[in-house]
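Our numbering applies: residue 311 is where the sequence shown begins, and numbers increase by one.
Only true hints are included.
Straight line, CA to CA, 27 Å or less: simulated DSSO-like cross-link-like pairs of lysine-lysine:
id : residue 1 : residue 2
1  : Lys405    : Lys393
2  : Lys356    : Lys393
3  : Lys357    : Lys393
Pair by pair, the computed Cβ-Cβ distance ranges are:
id : residue 1 : residue 2 : range
4  : Asp392    : Cys332    : 44 to 54 Å
5  : Thr362    : Ala337    : 44 to 54 Å
6  : Gly369    : Glu403    : 26 to 36 Å
7  : Ala359    : Met398    : 25 to 35 Å
8  : Leu346    : Phe375    : 36 to 46 Å
9  : Leu354    : Ser378    : 13 to 23 Å
Read the hints as simulated data drawn from the structure, not as lab findings.
These numbers were taken from a predicted model, which means no experiment stands behind them.
Yeah, the Cβ is synthetic: ideal placement off N, Cα and C, and Gly gets one too.
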Amino acid sequence: MRGGAMLSRKFLRRSAIAAACCVGVVALSTATLWQLDRAYPPPLPKKLAVSTEVQDRDGQLLRAFATSDGYWRLETRLDQVDKQFVDMLVAYEDKRF
Numbered sequence: 311m312r313g314g315a316m317l318s319r320k321f322l323r324r325s326a327i328a329a330a331c332c333v334g335v336v337a338l339s340t341a342t343l344w345q346l347d348r349a350y351p352p353p354l355p356k357k358l359a360v361s362t363e364v365q366d367r368d369g370q371l372l373r374a375f376a377t378s379d380g381y382w383r384l385e386t387r388l389d390q391v392d393k394q395f396v397d398m399l400v401a402y403e404d405k406r407f
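Could you put the whole structure together from the sequences, leaning on the hints where they help?
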């Protein structure tokens with residue numbers, strides 16, 4: 311009986327050490343991948359092409375043209391966008407991601 315208890319204790323100890331090593335490897339791998347992702351982000355365009363705008367002498371928009379890829383991208387600053395729209399967009403994106 312004593313031999314069986316020692317074998318069981320050895321097995322449990324080795325299993326615990328193996329499990330701890332596995333957890334350590336997973337944690338280290340996760341931290342390494344996270345750091346690599348932050349250090350080398352995917353290439354993003356510096357600035358998207360914006361629509362061509364025709365304005366009058368007072369700066370009022372007369373006409374805008376779609377970009378070459380068919381999208382309407384009017385250049386604007388965040389303070390020019392309605393705060394309620396920004397809040398709604400952030401709330402919607404937070405649900406999806």
